[in-house]
Amino acid sequence: MKASVPSKLFDLCNYLFMILLVIIMLFPFIHIAAISLSSAEPVLQGRVSLWPINFNVASYKKVLSDAQVLIAYKNTILYTVVGTTINMILTTMIAYALAKRKMVLRKLFTFMITFTMLFGGGMIPSYLLVKQLHMINTMWAVTIPGAISTWNLLIMRQFFLAIPESLEESAMIDGYNDIQIFFKIVLPLSKASLATIGLFYAVSHWNSFFVPFIYLNEKSKFPLQIILRSMVVEGNIQPPDQSSIMDNNQFTVVQNIKYTVLMVATIPILLVYPFIQKYFVQGVMIGSIKG
Amino acid sequence: MEIKAAISVKNKLNTQSKFQHIKKRLNQSKYLLILFLPGLIYFIIFRYVPMYGLVIAFKKYEFQKGIWGSDWVGLKQFIIFFNNPQAWRIIANTFLLSFYSLLFGFPAPIILALLLNEIKNTTSKKTFQTVTYLPHFISEVIIAGMMINFLAPTDGIINKLIVMFGGQKIFFFSDPGWFRTLYVSSGIWQGIGWGAIIYIAALAGINPELYEAAIVDGAGRWKQMINITLPCIAPTVSIMLILRLGNLLSVGFEKVLLLYNPLLYETADVISTFVYRRGIQGADFSFATAINLLDNVVGLILIVIANSVCRKLNETSLW
Numbered sequence: 001m002k003a004s005v006p007s008k009l010f011d012l013c014n015y016l017f018m019i020l021l022v023i024i025m026l027f028p029f030i031h032i033a034a035i036s037l038s039s040a041e042p043v044l045q046g047r048v049s050l051w052p053i054n055f056n057v058a059s060y061k062k063v064l065s066d067a068q069v070l071i072a073y074k075n076t077i078l079y080t081v082v083g084t085t086i087n088m089i090l091t092t093m094i095a096y097a098l099a100k101r102k103m104v105l106r107k108l109f110t111f112m113i114t115f116t117m118l119f120g121g122g123m124i125p126s127y128l129l130v131k132q133l134h135m136i137n138t139m140w141a142v143t144i145p146g147a148i149s150t151w152n153l154l155i156m157r158q159f160f161l162a163i164p165e166s167l168e169e170s171a172m173i174d175g176y177n178d179i180q181i182f183f184k185i186v187l188p189l190s191k192a193s194l195a196t197i198g199l200f201y202a203v204s205h206w207n208s209f210f211v212p213f214i215y216l217n218e219k220s221k222f223p224l225q226i227i228l229r230s231m232v233v234e235g236n237i238q239p240p241d242q243s244s245i246m247d248n249n250q251f252t253v254v255q256n257i258k259y260t261v262l263m264v265a266t267i268p269i270l271l272v273y274p275f276i277q278k279y280f281v282q283g284v285m286i287g288s289i290k291g
Numbered sequence: 001m002e003i004k005a006a007i008s009v010k011n012k013l014n015t016q017s018k019f020q021h022i023k024k025r026l027n028q029s030k031y032l033l034i035l036f037l038p039g040l041i042y043f044i045i046f047r048y049v050p051m052y053g054l055v056i057a058f059k060k061y062e063f064q065k066g067i068w069g070s071d072w073v074g075l076k077q078f079i080i081f082f083n084n085p086q087a088w089r090i091i092a093n094t095f096l097l098s099f100y101s102l103l104f105g106f107p108a109p110i111i112l113a114l115l116l117n118e119i120k121n122t123t124s125k126k127t128f129q130t131v132t133y134l135p136h137f138i139s140e141v142i143i144a145g146m147m148i149n150f151l152a153p154t155d156g157i158i159n160k161l162i163v164m165f166g167g168q169k170i171f172f173f174s175d176p177g178w179f180r181t182l183y184v185s186s187g188i189w190q191g192i193g194w195g196a197i198i199y200i201a202a203l204a205g206i207n208p209e210l211y212e213a214a215i216v217d218g219a220g221r222w223k224q225m226i227n228i229t230l231p232c233i234a235p236t237v238s239i240m241l242i243l244r245l246g247n248l249l250s251v252g253f254e255k256v257l258l259l260y261n262p263l264l265y266e267t268a269d270v271i272s273t274f275v276y277r278r279g280i281q282g283a284d285f286s287f288a289t290a291i292n293l294l295d296n297v298v299g300l301i302l303i304v305i306a307n308s309v310c311r312k313l314n315e316t317s318l319w
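So the protein sequences, as listed, match chains A and B.
Note that our numbering numbers the first sequence so that position 140 is 140, with each residue one more than the last.
Note that our numbering numbers the second sequence so that position 301 is 301, with each residue one more than the last.
The hints are simulated quantities; they were obtained by calculation from the structure and are not laboratory data.
Everything numeric in this text was worked out from a predicted model, so none of it was measured.
Ideal Cβ positions, reconstructed from N, Cα and C, are used throughout, including at glycine.
Be aware that a few hints might be false.
Pair ranges (Cβ atoms, derived) [unchecked claim]:
#1 A:Val82 with B:Ala213: 34 to 40 Å
#2 B:Cys232 with A:Ile89: 37 to 43 Å
#3 B:Gln281 with A:Val82: 39 to 45 Å
#4 B:Ala219 with A:Pro188: 37 to 43 Å
#5 A:Ile89 with B:Arg277: 34 to 40 Å
#6 A:Leu64 with B:Tyr52: 43 to 49 Å
#7 A:Lys61 with B:Leu37: 27 to 33 Å
Result set (DSS-like, lysine-lysine): computed pairs, CA atoms no more than 25 Å apart in a straight line [stated by the list, open to error]:
#8 B:Lys120 with A:Lys278
#9 A:Lys102 with B:Lys24
#10 A:Lys221 with A:Lys61
#11 A:Lys131 with B:Lys126
#12 A:Lys62 with A:Lys278
#13 A:Lys102 with B:Lys23
#14 A:Lys107 with B:Lys18
#15 A:Lys107 with B:Lys125
#16 A:Lys8 with B:Lys125
#17 B:Lys65 with B:Lys76
#18 B:Lys126 with A:Lys107
#19 B:Lys65 with A:Lys131
#20 B:Lys30 with A:Lys107
#21 A:Lys184 with A:Lys74
#22 A:Lys278 with A:Lys191
#23 A:Lys8 with B:Lys120
#24 A:Lys107 with B:Lys23
#25 A:Lys278 with B:Lys18
#26 B:Lys18 with A:Lys102
#27 B:Lys223 with A:Lys8
#28 B:Lys30 with A:Lys102
#29 A:Lys131 with A:Lys221
#30 A:Lys74 with A:Lys61
#31 A:Lys184 with B:Lys120
#32 B:Lys60 with A:Lys8
#33 A:Lys278 with B:Lys23
#34 A:Lys62 with A:Lys221
#35 B:Lys223 with B:Lys120
#36 B:Lys76 with B:Lys60
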């Protein structure tokens, strides 16, 4: 079929619009990268926009040798690994039990759990509870109170519901009980869905700010997002000590450091993003089918 | 008499068989219960105990006396709240931030999905789509960091551009007039691609025969969109809209907390940030919980209404 002129014109505009949108989406990242990789002088003069001027990694050396940043990075990795492990164990077990029709009081339990999506105690009672349990300023405060996301639990249950019952029935005949079926048959079959939910949890731990912000109060326990806020949002950065620097290429300014910190915190997400985004999309679709 | 006896025997049998039935079900699901138990304990302690903790809204909470031991004060905290001149400000700010996000942020992903749908080349479509979800994965702290630095008066790129084109520097984070614009527009940047996924899925589900028939009838692309595409995604749009209306009182609390400062309270202070300052920073637990409770109850009512509307219109609902 021959396309009409207005139709072609529309296609052209549509492509141009999409390219503009891509630029808007990527511009912040490119600008941050450009400044973080430029020398101090062009940055101070405000000449850097999309491409580094006088390419230089001095600020990366500074940021990556900053003890505070390294500790925070280590903490974030620790909280993400421990948190996601706890999330996955609890979420898959409860989701599987709720996916089985023979489960006793299944309707009541499902209601009890979905209700928490609609109503909850909120910030203060949760804070007081964590305080009462003496979890303040421990790793458990950032990993246990959010151990199950109801939304992820329901998506996980949806995945388990899709597993044909005949598989489990034949395992029953072989003398397996539900726990054995769960670990030996159901989990190995659900790798893709486990990856999806695991990634949902891991990204939320990686990005989590408010929970560590209210529950942790010792610098040595802060995750990256807290340090990031203090450096980049509140601007608490010591002007770099330049006195000992003879080489002009080692000279950095506060703006270099800030943008480098932003970059260092964003890079892990940018690196894994292309590989994991399809799992996320899958998760959203399953969630929406339910909704 | 005989009938009565018969009924009582029958009832007895019923209760007996019911008991037997429950026992059987329990026995059948004993292993499932073991899998279920840790999660159940979690829900009770971390979701239901805080709900019980809400009673301190009606008390004068003291840490030493605990939740139950603290003295009852009735509705005192609520009265104090509504006599506070800031009360209406934070309610209005919360509502307006949410309302503007809905007004501008709701149509954006739909438009994006419709435009993406018109791109026939699968590779470019995928690429455009993948790039637009990226901001969804970036933490609020990084978003706030970027905004504050790009919009900074002295070395931010936006103000440099403004000055370059002969404009006056804008002090974005000391002028309350800018806060809503910044919040809503950054929200669109963050959410447009992610929000479009569900509409893209709905668009992919449209029967291609409909379009073929329309082409045979001589309908152009515009007509196809008006007469086929839009009606086909209307149910999805209406469900999403109703759900959003149900969440009208919830705003992106972390982002507000990260972006605002006392100079911006006039437009930026919302219910949750107020609760945070009074409750956790100020340790006025009962007062903050009272506001918290009001917020939760209104939220619950809104979502229940939204859900029943949804059910009426589409015969689908959240639960």
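Task: Earlier hints that do not hold, by number - done: 1, 3, 4, 7, 11, 12, 15, 18, 21, 25, 31, 32, 33
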